[in-house]
Structure formats: structure tokens, C-alpha cells
Amino acid sequence: MNPAATTVVLCAPVGVPLITAAAFAGARRLTAWAALVSPAAVLACGVTLAATVTGHGPVATGDRLLRADALTAWMLLVVGAVAALACAASPAHLDRERAAGHTDDRGARQYHMLVHAFLAAMCAAVLAGNLGVLWVAIEATTIVTAFLVGHRRTRASVEAAWKYVVICSAGIALAFLGTVLIYYAARQAGISEGSALDWPTLVAHADRLDPDVTRLGTALIVIGFGAKAGLVPLHAWLPDAHSQAPAPVSALMSGVLLAVSFTAVLRYKVIADAALGPEFTRVLLAAAALLTLALAASVLLGQRDYKRMLAYSSMEHMALIALGGAIGSPLAIAAVLLHIAGHGLAKTVAFTSSGHLLHLRHTTRIGRVRGLLTRAPGLGAAFALAAVALLALPPFSLFASELGIVRAGFAAGMGWPTAVALVLVLVAFAALAARVGHMLLGPPATTAEPVRLGAAAGLPLAAGLLVCAALGVTTWPLTHLLTDAAAIIGGH
Amino acid sequence: MSDSAYTQMLDLACGAFLLAAVVVLWRRDLAAAVRVFALQGLALAAVAALLGWHEDRWDVLAVAAGIAVLRAWALPLLLRRALSADGAARETQPLVNVAASLLSAAALTLLAYAVSRPLVALNPTPATRALPVGLAVVLIGFFVLVTRRRALSQVVGFLLLDNGITAVAFLATSGVPLIVELGVSFDVLLAVLVLRLLTTRMRAAFGHTDLDDLRELHD
Chain A
1 MNPAATTVVL CAPVGVPLIT AAAFAGARRL TAWAALVSPA AVLACGVTLA ATVTGHGPVA
61 TGDRLLRADA LTAWMLLVVG AVAALACAAS PAHLDRERAA GHTDDRGARQ YHMLVHAFLA
121 AMCAAVLAGN LGVLWVAIEA TTIVTAFLVG HRRTRASVEA AWKYVVICSA GIALAFLGTV
181 LIYYAARQAG ISEGSALDWP TLVAHADRLD PDVTRLGTAL IVIGFGAKAG LVPLHAWLPD
241 AHSQAPAPVS ALMSGVLLAV SFTAVLRYKV IADAALGPEF TRVLLAAAAL LTLALAASVL
301 LGQRDYKRML AYSSMEHMAL IALGGAIGSP LAIAAVLLHI AGHGLAKTVA FTSSGHLLHL
361 RHTTRIGRVR GLLTRAPGLG AAFALAAVAL LALPPFSLFA SELGIVRAGF AAGMGWPTAV
421 ALVLVLVAFA ALAARVGHML LGPPATTAEP VRLGAAAGLP LAAGLLVCAA LGVTTWPLTH
481 LLTDAAAIIG GH
Chain B
1 MSDSAYTQML DLACGAFLLA AVVVLWRRDL AAAVRVFALQ GLALAAVAAL LGWHEDRWDV
61 LAVAAGIAVL RAWALPLLLR RALSADGAAR ETQPLVNVAA SLLSAAALTL LAYAVSRPLV
121 ALNPTPATRA LPVGLAVVLI GFFVLVTRRR ALSQVVGFLL LDNGITAVAF LATSGVPLIV
181 ELGVSFDVLL AVLVLRLLTT RMRAAFGHTD LDDLRELHD
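Sequence lines, in order, name chains A and B.
For the first sequence, the numbering used here assigns the number 1 to the initial residue and increments by one for each residue that follows.
For the second sequence, the numbering used here assigns the number 1 to the initial residue and increments by one for each residue that follows.
This is chain A alone, in the form it adopts within the complex:
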């Protein structure tokens, strides 16, 4: 690819969502379907970059501030796919909110503007070649999503937004301190000021970094970006924010924002492993993963709110992803990336259908939803299939990726942590299956006619489930990209 084309493809995933956001802010009459422009651009750039980087290696532009390798291309594809589903579900969501008097035209425009700014920030985080830019982009996601979490302006949503901003900003500040320490170590190792935060340069010279300073920096990074990825100890914002945000935004946050933050941890892991050996990040990540998993499983057992249930299920899956990161072999990392994609798609379908369900039943209490399959067959089926996918049953891709993580765990000599994780996953499985079964089966509360979902609302759900199932059967044509991306993180 020539330099001009590279610049365009690397800037478009950030630029197009920003332009879309500006368009929604400026133009009064803009059809809600214009929201699909930016996911389409992100997907197109993801596909182009996937084809380029698997053939010719990483590309960079703008003084290496923006850079794409196989991991970037994979994450762009995931962000694009999840964003396409969430943006396609937004018009139906906003129409219902408007009908219920929760929002007006101004609120709807603000919603679109913030969603696209959020997309731009996530793409910037994925594309950042410079670790400082990575930090700035991830902090920017906190700022733009704060108002999305508090979109309804109720007491509960203001509370959720406050907790979200305070916990995530403080967590992310720790990650910045970690970044500063890595920069200090790099400068003392003789790397020039301009490239001391440049990821490829740091990876190439990681063995020269001072171990003690790198150790402190890495611990802060794992806690800080771990806060944004929903890992213990700074996870408390997650169930509140996910349960209060509008359904498509919950989908984006749970489906991709958590994963994007975790890929930041993976980037630092490569540096830390080269400077300190793999043991240090392995212990840190495995401890965070098991604690998060134990917490999520125990809260799921007594959960009575279905949106919070989905939020804790996200923590469970992020914990599995962190465990895969701790294992760190190429097989484990490939499974982690597949898990990120499968979880993003399945959780988007689950959150979007929970939004429809909230509209239908006006409650988020599990105990007050019965017989969903009879009451609303289409919605019930979508929610059921999403739950099946989240329970990691075949044919959905989470089955393949969880199997991959477990196999890699036993192969890498991490038998005990993996076995403990398996037991905890079984507990979460039982809790989730029982709750979802309660909601789907039994006699419906009313004897009214079954509610139809409609094509506009149903298509994104069906598409998400289909892609998730397809990824479970075969990763072709992405296999090459996936192995390349796994080699970048796990090949050292």
C-alpha cells in the first residue's frame, strides 16, 4: 500500500466517526440510519488492514502515532462488527425512548453524537502506536461515555455515571503513572525522547529496561487498565454503568470497550515479559482473573436484575480473557482474541434484546419476567440464543475459545488456576442458565397476543447470532490474521 493510502486507511476509523458525530451535532434533520456510516467505515478499514498486514507486516503513519498490525486489524473488525449491530439497534431504541417520553430530538442527537465520539476514541485506542496516545484515547472513552451512562438523568443513572467517572478516571490515572514509569525506564535505557513511548521500539529494546521500575510500572498498568476492563479490584463501576446505560451503549461498552482496554494490557505484557520474564504478568493477571471470576460467579448466584446479570457475565468473560492473557502462549492468545470477538457479538445481542425486554415489561427484575418465549417468541428466541452463546455452548464461537483457553492452560503448566477457573465457570453457568430459564419458560404473566419483534429490531439480533455461530464453526478467512495477532502477543 502506498503512503497516502496507508494514511487514509489508518485515519479513517478515527476520522469518519468524528465527522459523523459532528454531523449529528450540526444537522438538525439527519436520518438515524446515517449512524451506520461509521461502523461501515471501521469495518472497511479493518478488512483492508487485515489484507495488508497479513501480507506485508505492520503499517504506520503520522510519525508512528497511528500504527496497525494484525492485532489492530482484528480489534478493528470486532469494534466495527459490534458497533454495526449497536448502531443498527439505536433507531428502534430511541424511538421507544421518545415514545415513552424519556428523551426528545435534542437528546437523540446528543446520543448519536456521543456514540460516534465513543467509537472514534475506541478506534484511536486500537490504532495507537504510541503508548501515550493509547492512554489518552482510553481516558477519552470515559469522558464521552459518562453522559451516555447518565443519558436518562434519573437518580440511579446519575449515581452510575458518577461512580463510573470517579472510579475509571482514578484507575486510568494509575495507568498513566505506570506509563510515566515505563517512559522513565525507557529514557534511562537510552531510548530517545521521541520513541520512548513508541510500542515497537519499546518491544525491540525491552530487555534493556530497568527491571524494578518496569515491575512497578507494569503493576500499575494492570490495575489501571484492568479497572476499565472490569477486573478486580476497581470493578465496582461496571454493573452499575452497564445496567443504567441505554441498551445499545451497554452493548458497546461490554462488547468492545472492556476488550479494547484489555488489549492495552496485552501490549504492555509483551514489554514486561521481555524485561522481566513471563512470570510477573502471569501471576498478576491470573490473580486478577481468578478473583474477578470468583466475585462474578458468587454475585450471579443471587442476582435478581437481568441487566446486572449480563454485566456480571461480562466480568466472568473478561476474567477468562485475562486468564488466557496470563497463560500467554500463542494458542491462549488466539483463543483470547476469538473469545473477545465471540463475547462482543453475543453480549451485544443479549444487551440489545434486554433493551427490548425492558420496553416490553417495564421492569429489570428477573422474578417479574415469565414465559418470554410465549409472550414474545422472536425476542425470546434471540435472548435465549444469546444466552446459549454466553454459556459457551456449541455452535457459538465462545465454546471453541473457552476450550482453547483451557487446553492452553493445561499445556502451559497452569493446571491449578485453570481447574479453579473451570469450577467457577460452572457455577456461573448454572446461575445464568437457571435465571434465563426462569425468564424464558413458564406461563406468561398476561394472556395478551404474542408481541412481534419486527424486522428492524430483529435483523441486528439475527445477524449477531449468525456471525457468532459462524466464527464457532470456522475462523476462515480470518485464520491467518488470528494466528498473526496471536504471534505478536504470545510469540515472545
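Heads up, a few of these hints could be off.
[What the hints assert, rightly or not] Derived Cβ-Cβ restraints for the label pairs, each shown as a range:
#	chain 1	residue 1	chain 2	residue 2	range
1	B	102	A	437	32 to 42 angstroms
2	A	277	B	77	47 to 57 angstroms
3	A	438	B	103	46 to 56 angstroms
[Stated by the list, open to error] A few chain B residues that don't get close to chain A, going by computed Cβ distances all over 10 angstroms:
#	residue
4	6
5	19
6	69
7	78
8	85
9	110
10	118
11	126
12	154
13	195
14	201
If you are wondering where the hints come from, they were derived from the structure by calculation, not from laboratory data.
These numbers come from a predicted model, not from an experiment.
Here a beta-carbon is modelled for each residue, glycine too, at the ideal position from N, C-alpha and C.
For chain A, the structure is supplied; the task is to place chain B on it using the hints.
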């Protein structure tokens, strides 16, 4: 300026920086806390300016001026406006009383000195010897964040934390590259604006800004 004068001035600025954090912990009057926070911003700008002067770097001096504008003027101004809109200007009753807070600050400072030993050992200069001060302010900021029950006190805690991190960045490496510094400052400014708007909404929803009432969401 001779080396010993530079070291003394740097130590003085760092001492003022740490002292400001402790005073914030001591005073329960929010308006006073905001004034002290502004003074801390000045001390931070002085640290940056001294480093820039010592290393003959104009870009660092420019960043120091930016820090003075942002942290000694813009952020305190925002906080004061939020405060005058808020009415009640006292921290109601922090979770930890003043005496225990001050003792905790001393313990946290010792902890910062212990933790930062490898950081100083890597490159012992007058600037990096002052690094523990930055870390101590980070820890004190965290302490304010978790023990205060008024929304605005939490914002002050977050800003102390952030000042501490900026100080670490300057003392360790004369600041991160300019583009990162700009991004960080912009993010902090926006975060404070977001928090300010949220306190307005909180007042609309709850009638006041006591964080004790944020307890609708739980499992």
C-alpha cells in the same frame, strides 16, 4: 543559578507541593481546600519551570506556563463556581477524622519513600530524589478520594492524584512528550467539566451532593 541553589529551590517547591496536599487533608472547609489546591498548582508549575531552567529547555518552560494556567487558575475557577452553586461549603463529616487523616498522610509518605527506592536508584539526581513527594501526593489524593463524602471533595481528591502523577512525570523525565502532555491536560479538564455537570444533575435529582445518598444501585 548554581547547582546547590537549584537543588534547594527544587526541594522547596516539592516541599510546598507536599504540604499543600496535607493541608487539603486537614481543612474541612471546601473553599479553603480549593485555594490550597490552586497554590499546589503553582508549586507544581514552579517545579516544572525549575527543571526547564536547569536543562535549558524552552518547551518545558512553556509546559510549566501551561500547567500554571490550567492547575492554578482554570481548574480552581471551575471548582469555585461549582462550590458557589452548591451553597453548603463544608465537608459534612469525613469517614476518617482529621487526626487520623494526618497520621495516615504521614504513613502514606513513608510508604511512598519505600516504594520509590528503585526509581531513585535508577538515576539519582536532585530531581529524582524528590520523586517520592510526587508519589506521596498520589497516595494522599487516593486517600481523599475514598474518605470524603461530598462530591466536590472527591473531585479535589482526584485532582490531587493527578497533580501527583504530573509531578512524578516531571521529576523522573522532565515531563512526557508534548503531545501526551497536551492530551493528558485536556482529558483532566474534560473530566472535571464532566464531574461538575454531574454534580449539577445530582443536585437536581437528590437536592444535594452528599455521596452517602448514592445507594440506589446495589446487588
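A quick look at each hint next to the structure:
The hinted range of 32 to 42 angstroms is not satisfied by residue 102 (chain B) and residue 437 (chain A), whose Cβ atoms lie roughly 55 angstroms apart. Taking 47 to 57 angstroms as the suggested C-beta distance range, the pair residue 277 (chain A) and residue 77 (chain B) conforms, at roughly 49 angstroms. For residue 438 (chain A) and residue 103 (chain B), the Cβ-Cβ distance of about 51 angstroms falls inside the hinted range of 46 to 56 angstroms, so the restraint holds. Every beta carbon of chain A lies more than 10 angstroms from that of residue 6 (chain B), the smallest distance being close to 20 angstroms; the non-interface claim holds.
At roughly 21 angstroms from the closest C-beta of chain A, the C-beta of residue 19 (chain B) stays outside 10 angstroms, upholding its exclusion from the interface. With a closest Cβ-Cβ approach of about 20 angstroms to chain A, residue 69 (chain B) is found to remain outside the 10 angstroms limit, as its non-interface label requires. Its beta-carbon lying about 15 angstroms from the closest one in chain A, residue 78 (chain B) satisfies the requirement of being farther than 10 angstroms from that chain. The beta carbon of residue 85 (chain B) sits about 16 angstroms from the closest Cβ of chain A, which is more than 10 angstroms, so the claim that it is off the interface holds.
Distance check for residue 110 (chain B) against chain A: the nearest CB is about 17 angstroms away, which clears 10 angstroms, and the non-interface claim stands. Annotated as non-interface, residue 118 (chain B) brings its C-beta within 10 angstroms of a C-beta of chain A; the closest such distance is 3 angstroms. Non-interface status of residue 126 (chain B) relative to chain A is upheld: no Cβ of that chain comes within 10 angstroms, the nearest being about 16 angstroms off. Remark: the non-interface label on residue 154 (chain B) conflicts with the geometry, its nearest Cβ contact in chain A lying 6 angstroms away (cut-off 10 angstroms).
For residue 195 (chain B), the condition that its CB be more than 10 angstroms from all CB atoms of chain A is violated, with the nearest at approximately 6 angstroms. With a minimum CB-CB distance of about 5 angstroms to chain A, residue 201 (chain B) fails to clear the 10 angstroms threshold, and the non-interface call is violated.
Checked against the numbered hints above, the structure violates hints 1, 10, 12, 13, 14; every other hint is satisfied.
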